[in-house]
Structures are given as C-alpha cells and as structure tokens.
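Enquirer: Residues per chain are reported as follows:
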Amino acid sequence: MNIIEKILAKASGKQQVHPGEIVEAEISSAMIHDITGPLAVQSWKKLEEKKIWDPSRVVVIFDHYLPPPTEQAASLQKIMRDFVNDQDIQNFYDIGRGGICHQVMPEKGHVHPGEVIVGADSHTCTYGAFGAFSTGIGSTEMAAVFATGHLWFKVPRTIKIEVTGSLAPLVMSKDLILHTLGKLGVSGANYRGMEFTGQTIEDMSIAGRMTICNMCIEAGAKAGIIAPDTKTAEYLTARTSRPFHSIRSDENSEYERTIHIDASTLSPQVARPHSPDNAVPIEQMPETRIDQAFLGSCTNGRTEDLRIAARILDGKRVNDHTRLIVTPASQEVYSECLKEGLIEVFTESGAVVTNPGCGICIGIHMGVLAPGDVCISSSNRNFVGRMGSSQASIFLASPATVAASAITGKITDPRKLS
Amino acid sequence: MIVKAKAVKFGNNVDTDVILPGKYLALTEPEELKEHVMEGISPGFASKFAEGAIVVAGENFGQGSSREHAPIALKAAGVRCVVAESFARIFYRNSMNIGLPALECPGVSTRVIDGDQLSIDIERGEIKNLRTGETLRTEVIPPNLLQVLNDGGIMEHLRKKRAHR
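Protein chains in written order, with the numbering used here: chain L, 1 to 418; chain G, 1 to 165.
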C-alpha cells in the first residue's frame, strides 16, 4: 500500500484498503476557524446534545477576520468563544495567540505523521507535509465529526510526483508547485491523492514542503502528502509530546500514474488570471505593470519566505506606483522576523507589515483590490473576485518574484535583480 | 425523490469564490446569503433561481474554498439540485450534507441547454430532458450518501440514527 492507503487502513482498523473502497476513519484532530466555525456550531446545535466527542481533539483558531473589522465579524468570534467555553476546548488560539490556522496547527503540535486530520478549510491539505492524511471538509460535516469522532472517506487513487534535480537559486518550492499545477490542471487530481517523492523533496525544508502540499487542493486533490523523515521528526520533537508513527509507502505500492519533474530546469513561474493552473515560466510573461504586491498567506508567509523577500528588498525601495503588503503567517513567524531584522527591512523599503491573518488573500479584510487593480501575490488562488473586485487581476508567484516585482512595479524575474 | 425544474447552465471550473464571494462570509443566515449567490458572475443572478432551478454545469463544479456558504446560498435561492460532469470533492460533500442533491452526469453539459425543463429521479439515477425527450443516466450515489440525502442532510440523518439507538 502507499502512504495514504496505509494511514486510512490504520485509522479505520483494517489490514488492507483499496482505492475506491469507502472506509470509516477515526479523526485525530479537527480544526475550525472563525468563518467555518460558526456554521459548524449552528449545525451541531441541531443535534441538541450537550458535549462534543472529544474536546482535546478539537482545535479552534481565529485567523480570517483578525482583528475583526466589523460588528458582524466580531459576532462570529463571540459565537466561537462561547462554544470554546461551553465545550471546554483547551486548544484555542484567539487573536495574538496563533495566526493563520495552517501555520499554527503544526507550530503548536497538533499535526503528527500517520494521522487523519480534518479541517473546515480547503487548505487543510497543508499538513501532508508532515506525513499526515489531512483534508478539508465543510462546516456541517465538521459538526458530524464533533458528534461522532469519525468520518467516511473513499480511498483515493494516488498520483506520484517524483521530483529530482536541484532548484536553481531564487527558484522556490512555490515555482515547483505552480509548474505541477500547470501540468495537472485545476481538476487533474480531483478526488485523488498526490504523493511527492524524490531527492528534491528530501532536500527541501519543512516550510517548502508545506507550500507544496498546501496547493494540492488547487489541482482538486483530496490530500497532498510527503513521507516523514528526520527533518519532520526534528520539527515536531520540539512541539509535541504525543508519540507518532512514521508511515511510508511500500516499495511496490500502486499509483494511478507517476509524473517526473526535473526541478533543475525550472524558472520562476507565474500563474496568470484567473486560475492557479494558468502557469508559465516568467520568461514568457509580457511586461505587466502591478498596483499591489502581497507577501503572505498559508502558502508563503513563513520565515523562510519572508527572509528571501527581505534579502531582495534590503536597501531598495518599493516602486512609487506599487504598494507592498507583508503578512507573517503567525505570531511565532512575526517574532522570528522581528528578531532577524526582517520587519525593519520591509518597513524601510516602504512596505506595510500587517498582523498575521487570512484577510488579504481572501479579499475580506485589508488590502482589498479595486476594479482594474493588478496584484502579484504569494498566495494560492487567483479566481475572479478572490481578493476583492471581480474586475481585478491576480498573478500568483513565489515570495522572491513578489519582492522583485514590488521593487520594479512590474512582474520581474528575481534573478535579474541580484 | 423526484425533482422537476428548469435548467440554469454554467461552464467548467466554477469556483466557490464566484458562487459566494468572500466579502459575504460574515453572513450565516441562508436568507441573507442567497441575495449574493453568483454575484461574482453577474449581479442579480440569484433571481434566475427564484422559481426553482436545477443548476447544470461542466467539469469540476464548486472548486476552491471549502465554504459551505456556497451550497447553502444556492439552496436558499431556489436551486433544487446540481448536476455536473464532475464536482470538486468538498463542494460535493457539502452539498449532499445540507440536503442539496449533487449528481454527476457525464454528457449533461452538451445535452441540456439553458432553460430546458428537467425531471430527475434521484434514486433511479435518471434525468429526463422534457424538451428533447432524452433520458440521461447519472453516476450511482454511494448508499451511505443516498441515505443522508433522503433524510434531508447529515445532521438530520444523525438525529434519526441516534433516536433509534
């Protein structure tokens, strides 16, 4: 069996599972945030039961409206605080205690290899970077998890993506996943698992692996996954006391197909409006003026991302006709950036640095795009209206490309600036 | 379960940001959400669903965000059933879980045009196009999900199961 099949077999108490089979899996952790949480609570209340199955397995994180911009948003958070108190949920990250849910989950030790994790957010697939089977579900389904502690899954067929060759300097894991999405298309992995293997992945940092798994949903995948190794163990040891099982694919495991990618041939990639799979090497981009550059999100708001951007911006100015917004993914990332002097580099360059949160990427809080605005973003989606006006255009790229473009005011290959 | 209504057609890869734009995610009431359904495509679109409608779409309907607000808004606006060549998996589960049937039907996007009257027998997996007289077959719904749908959604299904315990 491959890693996904093994995890689902273990969680459903079976020796063996096969693609297409429906299993009832035990849930190790269940995450909700301030947008999907209130609907989950609303659905849960229909059951008229007092206590959820296991409060120690539920994690509540505020990140979408941080801090709340409106009375309505504040009310959503109040609903969640009441729920947290009623249910005695200890794993609760209010404003100032956490940040973007997909960064906070592993940071605070709620992600372990070999487990089944669900989150009421589509980018829950991020935790595949730690060898967990993790997937996004809806709010009502989350209410069902609150009641029962398990959930049905159809065991997916899995696509293996084998990556070899070293990424060139200033070519990042984001470029690799944008290129992969370009090959697969937005529904190319629909209902399927995506397992990334190969030397390039083994050499990649945890942050880079999180970027890769984060965007597997952009190909429609049920889960993206990378086998855990010593880097995974090192990251987790400092953060969790829960013992975990490092499950890996068998040598002879079956895949629907295998895609080979030579990472050494990749240039920085840009996904053009209005689809994340609309990716091209940056050399093929016509001159494109930008109004806004965004560096952040659950895809690319980690210290490593901000470090490379700061290196490019150091001693330079953001273009007079462009605004750069930087959002560290979590409080921990924010603190690290402060200590390393990165925040100062951003503010000196003319960027604005916000508190951690999802608001800009999803067009609901700060940095909203006006009609006609063109934005380059390190986030994950460039759908029509995603970051504000439905008449705005969003280009997705790596943190390095975002930083270089903010300096010149047009989409720029970061290799040309250094 | 038989569903009869007129078809409202969409293309491929319709995402949930278009079905229900992010700026309305602070709303939780279906009656408020329905006002903004499909606003990303064209404002006022919701009125097309008012007399009851069947959404007919291409591949990968409902891709993107896991927001359940999207199927909730469609249902509240009058959509009785969504039929597509294929669905994004989270939308598919969300839709079934709130009692809005989501049916996979290969070929539907080419054999139904906007405004066609359709009659759908969900258990039998048959879609009758009353204009052409043609009958299309849907993919089989897994028995566990059919049960959820017949009970009106997953919470109603759980309530029923627990009452029998």
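None of these hints come from the bench; they were simulated from the model.
Worth double-checking, as some hints may not be accurate.
[Unchecked claim] Part of the chain G face toward chain L, derived, beta carbon under 8 Å:
{"hint": "1", "residue": "M1"}
{"hint": "2", "residue": "D17"}
{"hint": "3", "residue": "G22"}
{"hint": "4", "residue": "L25"}
{"hint": "5", "residue": "A26"}
{"hint": "6", "residue": "N60"}
{"hint": "7", "residue": "S65"}
{"hint": "8", "residue": "G78"}
{"hint": "9", "residue": "R80"}
{"hint": "10", "residue": "N97"}
{"hint": "11", "residue": "I98"}
{"hint": "12", "residue": "L100"}
{"hint": "13", "residue": "G152"}
{"hint": "14", "residue": "R159"}
{"hint": "15", "residue": "K160"}
{"hint": "16", "residue": "A163"}
Predicted model, so just to flag it, every value in this text is computed and none were measured.
For every residue, glycine included, the Cβ atom is placed at its ideal position computed from N, Cα and C.
Enquirer: Look at each hint and say if it fits the structure.
Expert: Quick rundown of the hints versus the structure:
no.: 1; hint: M1; in the structure: 19 Å, violated
no.: 2; hint: D17; in the structure: 4 Å, holds
no.: 3; hint: G22; in the structure: 5 Å, holds
no.: 4; hint: L25; in the structure: 5 Å, holds
no.: 5; hint: A26; in the structure: 4 Å, holds
no.: 6; hint: N60; in the structure: 4 Å, holds
no.: 7; hint: S65; in the structure: 5 Å, holds
no.: 8; hint: G78; in the structure: 20 Å, violated
no.: 9; hint: R80; in the structure: 19 Å, violated
no.: 10; hint: N97; in the structure: 5 Å, holds
no.: 11; hint: I98; in the structure: 6 Å, holds
no.: 12; hint: L100; in the structure: 11 Å, violated
no.: 13; hint: G152; in the structure: 11 Å, violated
no.: 14; hint: R159; in the structure: 6 Å, holds
no.: 15; hint: K160; in the structure: 11 Å, violated
no.: 16; hint: A163; in the structure: 11 Å, violated
The structure is inconsistent with the numbered hints 1, 8, 9, 12, 13, 15, 16, although it conforms to all the rest.
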